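Asker: With the hints as constraints, model all of the structure from the sequences given.
So the sequences go chain by chain: A and B.
This note's numbering numbers the first residue of the first sequence as 383 and each following residue consecutively.
This note's numbering numbers the first residue of the second sequence as 117 and each following residue consecutively.
No lab work stands behind these hints: they were computed from the structure.
The reader is advised that the hints may include incorrect statements.
According to the in silico footprint, chain B covers these stretches of chain A (three or more CB under 8 Å from chain B) [unchecked claim]:
#1 425-433
#2 461-471
#3 476-484
#4 491-497
If you only want the chain A side, here are some residues facing chain B, beta carbon under 10 Å, derived [what the hints assert, rightly or not]:
#5 V436
#6 R457
#7 R541
#8 I551
Predicted, not measured: the structure shown is a model, and the values here were computed from it.
Heads up, the beta-carbon is just placed ideally off N, CA and C, and yes, glycines get one too.
Here are the chains, one letter per residue:
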Amino acid sequence: MASLRITDLVFRWPRQAAACLDISYLELAPGERVFLHGPSGSGKSSLLGLLGGVTLPEQGSIELLGTDITRLGGRARDHFRAEHIGFLFQQFNLLPWLSAIDNVVLPCTFSARRRQRAGNVPHVEAARMLRHLDLGEALWRKPAGELSMGQQQRVAAARALIGRPEILIADEPTSALDAERQQAFIDLLLQESAAVGATLVFVSHDQRLAGHFDRIIALDDINRAASGLNV
Amino acid sequence: MTAVMRLAALSAWSRRLTLGLSLVAIALAVTLLLAVERIRGDARQSFAQSVSGVDLVVGARTGSVQLMLYAVFHAGAASNNISWDSYRAIASHPAVDWALPLSLGDSHRGFAVLGTSPEYFDRFRHGDGEALRFRDGKAFGGVFEVVLGSEVGQRLGYRLGDSITLSHGLSELGPAHGDKPFRVVGILAATGTPVDRTLHVGLEAISALHLDWVGGAPLPGVNIPAEFVAKFDLKPKEITAALVGLKQRSDVFRMQRFVNQYRGEPLLGVMPGVALDELWQTIGIVERSLLAVSALVVLIGLSGLAATLLAGLNERRRELAILRALGAGPGEVFLMLTAEGLLVTTLGALLGLLLLGAGSGLAAPWLLERFGVVLATRIPDEAELALIGAVILTGLLASLVPGWRAWRMSLADGLTPRL
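Answerer: This is the structure:
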């Protein structure tokens, strides 16, 4: 069973004539770590919204772990996302008024499955992960908004990975980090997603970061709508 | 769902300053609204309780509301007096059971002085037909004896046997009747009516005070000392008004006609209930305007809340996107915002109720003293609960706006908030 399979996908923003995404086929294997490259405006955000089940395509199917999420209702898609996908954004991933450790635990409050896979005591697991990601214990109880950007991204990584989701989607998670930290963070992500056995979809416009991935995909190569859209 | 609500509460707590300001604004608006409603109801209650068992109030021809106001509530001054002969003619009418003469116009340190007959203390009824009771002492007998209303005694600290002097006119600064002191012989129990704020003397005392007066001022060079007043005829020539009780209530229209068509001088007889209705009609407009203004203030408070939530929404786009990524649906985002508004409104309304309780406790003595309104401290009645319900419902409606906006935003933004 593929971890992700996209078939004949067409997506158009409302009131737009041209399609934004037109992907005939894309398949990712379980545990595969993929660098998805695309310049800004190439439809990366749209693709992420589709993969997360937040938006629906005009046509085509998106199978995640054998479930065609385009056939699910809105609540079921939200539930599926909570159970199986970890998200990592560019920056400001955390609820600034929650402590670091409470931020890490969040997915376990939304998903019974991930709480169970985190050993049913999410705070213990969160502490283990934060320690593993080298975040000093003194910072755990601090409001997340008071941490440095690098610290915040590590907390966000722990949150995305807690309860071992099958799919990890990272949207430019290093863009707020300085150059020498970027590679370190990517290595950490690669290593951790391998440790939990998650399929990693790493989206970025910066091709220099692609080095250590199993596979590199240029969005423009698989998106037939791209030729008309991007200069 | 519960997870989202818990996060909503934590999120709201992190913005407690701005939300707290909205809450205080709503609380103050609700306090105002309830206070207007409560004073309105209590004012009516106080007025309606002030006189009982009186079939007609008789005075010089004037407006019926005005006659009620000065004769019963001792508010404002009479435009004209009625002659003692007219009073006797009415009091001796076969339909009349009893009549009480009222002579007003003097005061003591801001409290009205009422000249009347000693039967007043037996006849006068208030509330649900309750009679006056003496807390101390007895009715006046001699000319220079005075019976105090309970509040007069309490506020001015008078006791039986104390000696006091009266002033001419209703202001504290009027010329004094300092040469003729009165002795306190009785203090009445509290009634919650204007009686509490009145000093009662005999009609003869009023005559005696004004023996050496003409046209509202002492006659220059004439001074009749108190010990000589008994040599004069103290039968009153004029009184201000009279309270009349009939043998049969069904005679009231006949008697009213007799009074209004009295040949000797232009008189007016009003039924207290009818005059009060007229009073409510007059001040009903003011009451409704006040209520409308307070309702408007509540609306402003709630608009402020909606505006605060809407303004905060832009800064919370990331927060909403994070919650979406964690598995919250747009419906939950909608509920989160709406619940926040509803929570602030409800807490605001409850705080308003508390403020009203505290405020009315503090303001009640002052309202009673200045306006004669008895403001009862009590649990909210049905009308007040209905108002609070209306406020909360309106708050819910106002919160739907930011809720709807957040719902739209979470659909449009998805997982990547546009910043």
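Asker: For each hint, tell me whether it holds in the structure or not.
Answerer: For each hint, the structure was consulted:
1. For the stretch 425-433 of chain A, the proposed coverage by chain B is satisfied: 3 residues have a C-beta within less than 8 Å of a C-beta in that chain, meeting the threshold of three.
2. With 6 residues carrying a beta carbon less than 8 Å from a beta carbon of chain B, the stretch 461-471 of chain A meets the three-residue requirement, and the given coverage holds.
3. Coverage of the stretch 476-484 of chain A by chain B holds [criterion: at least 3 residues with CB-CB distance below 8 Å; count 5].
4. Counting residues of the stretch 491-497 of chain A whose beta carbon lies closer than 8 Å to any beta carbon of chain B gives 3, which reaches the threshold of three, so the coverage claim holds.
5. A distance limit of 10 Å between C-beta atoms decides the matter here; for V436 (chain A) the minimum to chain B is near 4 Å, and the interface restraint holds.
6. A distance limit of 10 Å between C-beta atoms decides the matter here; for R457 (chain A) the minimum to chain B is near 6 Å, and the interface restraint holds.
7. At about 9 Å, the closest approach between the beta carbon of R541 (chain A) and any beta carbon in chain B falls short of 10 Å, and the interface hint on this residue holds.
8. Because the closest C-beta pair between I551 (chain A) and chain B is about 9 Å apart, less than 10 Å, the hint holds.
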